[in-house]
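Undergrad: Sequence:
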Amino acid sequence: DIDVDVDIDADIDVDVDADIDIDVDTDIGIDVDADIDTEVDVDTDAIGVTTTPAPIMLLLSAFLLVFGISGISFYYIITIEGLKFLMFLGAPVIGYLVSKYLNVAWKKIAKSQYYKISPTLNLIGKKGEVVFPINERGGVIRIVSSTPMKYEKMHVMPYDDTSYFERGMIVYIIRVKNNKVIVDINKNLVKKMR
Numbered sequence: 002d003i004d005v006d007v008d009i010d011a012d013i014d015v016d017v018d019a020d021i022d023i024d025v026d027t028d029i030g031i032d033v034d035a036d037i038d039t040e041v042d043v044d045t046d047a048i049g050v051t052t053t054p055a056p057i058m059l060l061l062s063a064f065l066l067v068f069g070i071s072g073i074s075f076y077y078i079i080t081i082e083g084l085k086f087l088m089f090l091g092a093p094v095i096g097y098l099v100s101k102y103l104n105v106a107w108k109k110i111a112k113s114q115y116y117k118i119s120p121t122l123n124l125i126g127k128k129g130e131v132v133f134p135i136n137e138r139g140g141v142i143r144i145v146s147s148t149p150m151k152y153e154k155m156h157v158m159p160y161d162d163t164s165y166f167e168r169g170m171i172v173y174i175i176r177v178k179n180n181k182v183i184v185d186i187n188k189n190l191v192k193k194m195r
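Here the sequence shown stands for residues 2 to 195, where the numbers follow this note's numbering.
Check each hint, because a few of them may be wrong.
[What the hints assert, rightly or not] Below, a list of computed lysine to aspartate or glutamate pairs in the EDC-like style, where the Cα atoms sit at most 16 Å apart:
id : residue 1 : residue 2
1  : K101      : E130
2  : K188      : E130
3  : K127      : D162
4  : K154      : E130
5  : K128      : E153
6  : K151      : E137
7  : K188      : D161
These are calculated hints, taken from the structure and not from any lab test.
Keep in mind the model is a prediction, meaning the values are calculated, not measured.
With the sequences and hints as input, model every part of the structure.
TA: Right, dumping it as structure tokens:
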């Protein structure tokens, strides 16, 4: 007789605790500085333009007014339905032509008061008051004249290019060179130049 008793007990406990922490701090900073400096120097003597164009709002309002009036007029004048498309062509063209003519007329009306100085005029030594500041590009002075306005404004250049004269300062005409009036604050330069 054989008696076999086999008792097998197996207890398996598996505990897995996993903690995963990931902290990521990312700072991204972008600083962009853009600086553009431009300087335009225009020599007005080389261009030779002494008039100004008409103000843009004057031209725009004239165009819109004439465009509207001519559009309404064409609508009632053109009675043939097949030709009504002409008002879409005619009204803008008439508005443009009136604005163009107005600009030309404005240039004739608004002529500059700066004239070429005759070398026979005895301007040397005359005293003038600065109206627009005078720097290396020039400025404007006002001198006493015999015109009905009693004053004449003229474009002037400084004797020394580094000179700067504020509005209201008194300057003296030193000489006339190449139809440009040269001025300085020092009255003694008048005697040296003669």
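Undergrad: Does each hint fit the structure? Answer for all of them.
TA: Checked hints:
1. A C-alpha spacing of about 38 Å is found between K101 and E130, which places the hinted pair above 16 Å, so the restraint is violated.
2. Our distance criterion of 16 Å between C-alpha atoms is met by K188 and E130, whose separation comes to about 14 Å.
3. Note on K127 and D162: the hinted pairing is violated, with a Cα-Cα distance of about 20 Å set against a maximum of 16 Å.
4. About 9 Å separates the Cα atoms of K154 and E130, which keeps this hinted pair within 16 Å; it holds.
5. A threshold of 16 Å between alpha carbons decides the hint, and for K128 with E153 the separation of about 12 Å falls inside it, so the pair holds.
6. Restraint check for K151 and E137: the C-alpha separation of about 28 Å exceeds 16 Å, so the hint is violated.
7. Taking the CA atoms of K188 and D161, the gap is near 14 Å; set against the 16 Å cutoff, the hint holds.
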